[in-house]
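Dock chain Z against chain A, hints included.
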Amino acid sequence: MKTKKKSEEISFEEHLKKLESIVQQLEEGELTLDESVKLYEEGMSISKLCLDKLNKTKQKIEQLVLEGEEKYSVKPFSISKGENTVNEF
Amino acid sequence: MNNYAESKIYTVSKINRYIKALFESDYNLQNVWILGEISNFTLHSSGHMYFVLKDQESQIRCVMFRGNNLNLPFMPQDGMKVKVMGDIRVYERRGEYQLYVKKIVEAGKGELYLAFERLKEKLKAEGLFDEEFKKKLPLIPQRIAVITSPTGAAIRDVITISLRRFPNLSILVVPSLVQGTFAAQEIAQKIEFLNKYFSDLDFIIIGRGGGSLEELWAFNEEILARSIYNSKIPIVSAVGHETDFTISDFVADLRSPTPSAAAEMTIPDMNSLINNVNLLNSKLMRATKRNFELKMEILNSLTKSLQYQSPENKINQYYQYIDEFTGRLNSRIKHQIELYEERIKKDSQRLDSLSPWAVIERGYSICRKLPHLEIVKKLEQVEIGNEIEVIISDGKISGKVDKKEVVSS
Numbered sequence: 000m001k002t003k004k005k006s007e008e009i010s011f012e013e014h015l016k017k018l019e020s021i022v023q024q025l026e027e028g029e030l031t032l033d034e035s036v037k038l039y040e041e042g043m044s045i046s047k048l049c050l051d052k053l054n055k056t057k058q059k060i061e062q063l064v065l066e067g068e069e070k071y072s073v074k075p076f077s078i079s080k081g082e083n084t085v086n087e088f
Numbered sequence: 000m001n002n003y004a005e006s007k008i009y010t011v012s013k014i015n016r017y018i019k020a021l022f023e024s025d026y027n028l029q030n031v032w033i034l035g036e037i038s039n040f041t042l043h044s045s046g047h048m049y050f051v052l053k054d055q056e057s058q059i060r061c062v063m064f065r066g067n068n069l070n071l072p073f074m075p076q077d078g079m080k081v082k083v084m085g086d087i088r089v090y091e092r093r094g095e096y097q098l099y100v101k102k103i104v105e106a107g108k109g110e111l112y113l114a115f116e117r118l119k120e121k122l123k124a125e126g127l128f129d130e131e132f133k134k135k136l137p138l139i140p141q142r143i144a145v146i147t148s149p150t151g152a153a154i155r156d157v158i159t160i161s162l163r164r165f166p167n168l169s170i171l172v173v174p175s176l177v178q179g180t181f182a183a184q185e186i187a188q189k190i191e192f193l194n195k196y197f198s199d200l201d202f203i204i205i206g207r208g209g210g211s212l213e214e215l216w217a218f219n220e221e222i223l224a225r226s227i228y229n230s231k232i233p234i235v236s237a238v239g240h241e242t243d244f245t246i247s248d249f250v251a252d253l254r255s256p257t258p259s260a261a262a263e264m265t266i267p268d269m270n271s272l273i274n275n276v277n278l279l280n281s282k283l284m285r286a287t288k289r290n291f292e293l294k295m296e297i298l299n300s301l302t303k304s305l306q307y308q309s310p311e312n313k314i315n316q317y318y319q320y321i322d323e324f325t326g327r328l329n330s331r332i333k334h335q336i337e338l339y340e341e342r343i344k345k346d347s348q349r350l351d352s353l354s355p356w357a358v359i360e361r362g363y364s365i366c367r368k369l370p371h372l373e374i375v376k377k378l379e380q381v382e383i384g385n386e387i388e389v390i391i392s393d394g395k396i397s398g399k400v401d402k403k404e405v406v407s408s
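Residue numbers (numbering that gives the first Met the number 0), protein chains in the order written: chain A, 0 to 88; chain Z, 0 to 408.
The shape of chain A in the complex, shown without the other chains (with noise of 0.2 Å):
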């Protein structure tokens, strides 16, 4: 899970590196017409992916609540909250 989530993570950055480097390729247009509808087509899915990324997850405030040596449970955190007290933990 971790590993899998490393590669995407550094393929977003290699994404928007791609992205850029297509469009370089395009700006200096010694490209064929084929080359160039492909290169167009590539970058706008690489530049779909990108924003895809951007929004895939969603907001969440959480606090992490020991029970026990190895028992935990996660409940939702409000930063007004002021009656947790650090000696709780």
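Watch out, some of these pointers could steer you wrong.
[Stated by the list, open to error] Below, computed lysine-lysine pairings styled on BS3-like, alpha-carbon distance capped at 25 Å: (1) 16(A) <-> 288(Z); (2) 195(Z) <-> 74(A); (3) 74(A) <-> 57(A); (4) 282(Z) <-> 47(A); (5) 345(Z) <-> 333(Z); (6) 231(Z) <-> 70(A); (7) 133(Z) <-> 16(A); (8) 123(Z) <-> 135(Z); (9) 57(A) <-> 135(Z); (10) 37(A) <-> 282(Z).
It is worth saying that the hints were derived from the structure and are not from the lab.
The following block gives chain Z in isolation, referenced to the frame of chain A:
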């Protein structure tokens, strides 16, 4: 001794070099801490400091080079009690050993600082601070944990700034003591716990707001340093302090001066990322469009060239050629005709002067016999009684022949 001729004889510099090597091979003389009192302190114009460190019975010569003394928090003075740390080495030129000072701490003060320095040197020597062990943080984090007090300003700052920058973020708040005797141990345990049960975390921020050296002490403890080093999840150290570093800062994969700064440094600004992608997107479309236009221009100019070479164009060219020749032919003929007309005009003028009318004008007349209007030139053509007409310049006269007579000329 009387065998001195046979035993090896050293030069002064050789024996000093030998002694120097002896000093340098003794690890007890490296990074050694010495307590003493400063005397004969001199700050040379080069920036190097020279002094003698002494106690009641003995003394040792010390030098602290500029590179080591730049960040000293105080100016050493004669009579000051200090703890100094450095290497004892031999100064070959004089054949004297001296302490090459790396650090000076005022004695009596800064016990914590001394402990800090010792731990720092120890962990550094073990390689815990080495860059090669620093893990890279992902550009787009999805889930992060913050180990800190759940009630302090630190957690509020981290959450507020993180969500402002990247709203689609999942934050796990892991409450912990952040000061006091048990804080380091608890933070270390939480790091281990997260590594065990929350391996999907992109990174963990550990930290607290600013405080005195004592209040921040948990972040200078070995147990926490080792836990940070052993964590598979990247750790961001976010301890509020302006000038110094904590041990946690050195071990962590990323260090930031405050919890707020940690959020600013690690959480990407979603809007600028989206803008960046959109900018690339529109550049992509523009560049592709431009490429198409370029190809279209080439195509158009080739089509033009091709049309120029087409049979239709060839035929049109011949038409033009023919038209041109026809024109030339016509004008040639027209010219010829004009020449002829000119000649005809001249001829008809000459003809005019030969016309009978011109003679009649001068008084001659023509006589014609009716009914066939034959011109009468000889007497024998007419008989008495024949009808004739005589043409003169402005008309004719008719009549009958009533007499014939030969006239000799």
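Verification of the hints:
no.: 1; hint: 16(A) <-> 288(Z); in the structure: holds (21 Å)
no.: 2; hint: 195(Z) <-> 74(A); in the structure: holds (19 Å)
no.: 3; hint: 74(A) <-> 57(A); in the structure: holds (16 Å)
no.: 4; hint: 282(Z) <-> 47(A); in the structure: holds (14 Å)
no.: 5; hint: 345(Z) <-> 333(Z); in the structure: holds (18 Å)
no.: 6; hint: 231(Z) <-> 70(A); in the structure: holds (21 Å)
no.: 7; hint: 133(Z) <-> 16(A); in the structure: holds (23 Å)
no.: 8; hint: 123(Z) <-> 135(Z); in the structure: holds (20 Å)
no.: 9; hint: 57(A) <-> 135(Z); in the structure: holds (23 Å)
no.: 10; hint: 37(A) <-> 282(Z); in the structure: holds (16 Å)
Checked against the numbered hints above, the structure breaks none of them.
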